[in-house]
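Chain residues, written in single-letter form:
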Amino acid sequence: MSIDLPGFADPVADAQSAFRAVLDALARPGQIRAAGTGLTPPAPLNPAAAAMLLTLADADTTVYLGPAFADAADWVRFHCGTQVTDSPADATFILADALPNLTALPNGTDEEPQSGATILLQIPALTGGPARIIHGPGLATPTTLSPQGLPPDFAAQWATNHAQFPRGIDLILCAGDHLLALPRSLSIREP
Amino acid sequence: MIGYNFAYLDEQTKRMIRRALLKAVAIPGHQVPFGSREMPLPYGWGTGGIQITAAILGQTDTLKVIDQGADDTTNAVSIRRFFAKTAGVATTTRTPEATVIQTRHRIPETKLREDQIIVYQVPQPEPLSKLEPRRAETKRMHALAEYGPMHVKLYEDITRFGQISISYDYPVMVNHRYLMAPSPIPAFDNPKMHMMPALQLFGAGREKRIYAVPPYTSVQSLDFEDHPFRAVRAPHTCALCNARDSYLDEVVVDDTGRRMFVCSDTDHCETRREAGHEGTGEPVAQAAE
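From first to last, the protein sequence lines stand for chains A and B.
Taking our numbering, the leading residue of the first sequence gets 7, the next gets one more, and so forth.
Taking our numbering, the leading residue of the second sequence gets 8, the next gets one more, and so forth.
Where hints are given, some of them may not hold.
[To be verified] Under the rule of at most 20 angstroms between Cα atoms (straight-line distance), these lysine to any residue pairs were calculated in the SDA-like manner:
hint	chain 1	residue 1	chain 2	residue 2
1	B	Lys215	A	Glu117
2	B	Lys215	A	Ser121
3	B	Lys146	A	Thr115
4	B	Lys146	A	Gln170
5	B	Lys146	A	Ser121
6	B	Lys215	A	Glu118
7	B	Lys92	A	Ala19
8	B	Lys146	A	Glu118
9	B	Lys160	B	Gln227
10	B	Lys118	A	Ala146
11	B	Lys146	A	Phe171
12	B	Lys92	A	Val18
13	B	Lys118	B	Thr98
14	B	Lys146	A	Asn113
15	B	Lys146	A	Asp116
16	B	Lys146	A	Glu117
17	B	Lys146	A	Gly114
18	B	Lys118	A	Leu145
19	B	Lys137	B	Gly155
20	B	Lys215	A	Asp66
Hints were generated in silico from the structure; no laboratory data involved.
Note that this is a predicted model, so its numbers are computed, not measured.
All chains should be modelled from the sequences, with the hints used to inform the complete structure.
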């Protein structure tokens, strides 16, 4: 049973530091922050994604777990007290190991864009992949990042997401115990 | 502190505020509703700012709290002591030493850095509230980026007074998309928000709204080509530190109405005096009209 595995050792301080990591990552897109160091979530959940769920998910949220994460469902339910849903269209947080179809996820309304979903995407590494140039709020100048595990047409999919700003979906890329975040306000292009 | 969770708020409330903060950062200038809690101080005393500070504060943070620029006024002292007591964090009055700065109606004169977060206390988060009292309607106006009425208000100011007569809470456009109330900071401080290296978070407790401006984000004060925005300050020097570029408070010093102008940012003023700058220490001779 995956619920045998512990959550945060110090729930208050660990959640706070994980939150500051993701707040900072979202405010400064492309910068890599550590989150969930020392956490031992059930495979294939990685520490950074697990830390995000422990920090942000609770009874007020719904979480969709991609098919690969079925074994982690009990752990997520137990430690977060959150509702695990079968339908990504109803989810506040979507945990996936491959980028889901962004147009099938809740992207908020023009009046309440904050109801757009947040994707926690587990990828093999945050560096070493194909380069992409990001620009937008949080960046003084355009920055290059190179996460692995994004689809080849990611820039095109993201352009559709960014075009509907302020509606849209926010993406948090998690690899090991590190993460970086791509808020909907960013424009992303290939070099 | 026994009997309280770290930083006073319970963890579920913090998660709710944290989720709101993340969406606020992702949508710069957009007001995100949140379940504002009752705090042990009245609405209007910074309950929004306090709740944000409680949600972001960690054991290693150093907190600075200012009220109209001053570290030693009732509101600032109370909030600083509140977090020293409930979170046990280090506090400071020195702007460069702080990692989190909660502010009521000023931005410090010292330039903020990337590793700092500034939390604004906001009484009225809706910049359109005086033009359109209905929430449902202002929400729609933000959705449609329908900000014509605000430009008309500024235009009417110019036709009546010859200038835009807003001296604080001067409306700004954030990231070229959302009209935002910068909280009642003097218009003098507005240019500091533009491309600020620090993250800016705004909390309105009574109105239950959170919004944010990420670092290096465009923040433009509304104006017209032929009536450009001007950052206005009292045309005096600080009587204590002789600063010519800081925002000044006007202090009435006697019953004949003589007035003294001193830096509103007490830390800035003290730092300058320690560095040897000295003002006249005297009230201004005559009222400047």
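Check the hint pairing Lys215(B) with Glu117(A) against an upper bound of 20 angstroms on the C-alpha distance.
Holds, at about 16 angstroms.
20 angstroms limit on alpha-carbon distance, applied to hinted pair Lys92(B) and Val18(A):
holds, 17 angstroms
Pair hint Lys146(B) and Phe171(A), alpha-carbon separation not exceeding 20 angstroms
holds, 16 angstroms
Regarding the pair Lys118(B) and Thr98(B), is the alpha-carbon distance no greater than 20 angstroms?
Roughly 19 angstroms separates the two Cα atoms, so the pair holds.
With the threshold set at 20 angstroms, check whether the alpha-carbon distance from Lys118(B) to Ala146(A) stays at or below it.
holds, 16 angstroms
Check the hint pairing Lys160(B) with Gln227(B) against an upper bound of 20 angstroms on the C-alpha distance.
This hinted pair holds, its Cα atoms lying about 17 angstroms apart.
Going straight from one Cα to the other, do Lys146(B) and Gln170(A) come out at no more than 20 angstroms?
holds, 17 angstroms
Hinted pair, alpha-carbon criterion (20 angstroms max): Lys137(B), Gly155(B). Please report holds or violated.
holds, 14 angstroms
Taking 20 angstroms as the top limit, are the C-alpha atoms of Lys146(B) and Asp116(A) close enough?
Between Lys146(B) and Asp116(A) the Cα gap is close to 9 angstroms, so the pair holds against 20 angstroms.
Sort out whether Leu145(A) lies within 20 angstroms of Lys118(B), counting only the CA atoms.
holds, 18 angstroms
Compare the distance between the alpha carbons of Lys215(B) and Asp66(A) with 20 angstroms, and conclude whether the hinted pair is satisfied.
The given pair, whose Cα atoms are some 17 angstroms apart, holds under the 20 angstroms limit.
Does the structure keep Lys146(B) and Thr115(A) at a Cα separation of 20 angstroms or less?
Within the cut-off at roughly 11 angstroms; holds.
Checked against the numbered hints listed earlier, the structure breaks none of them; every hint is satisfied.
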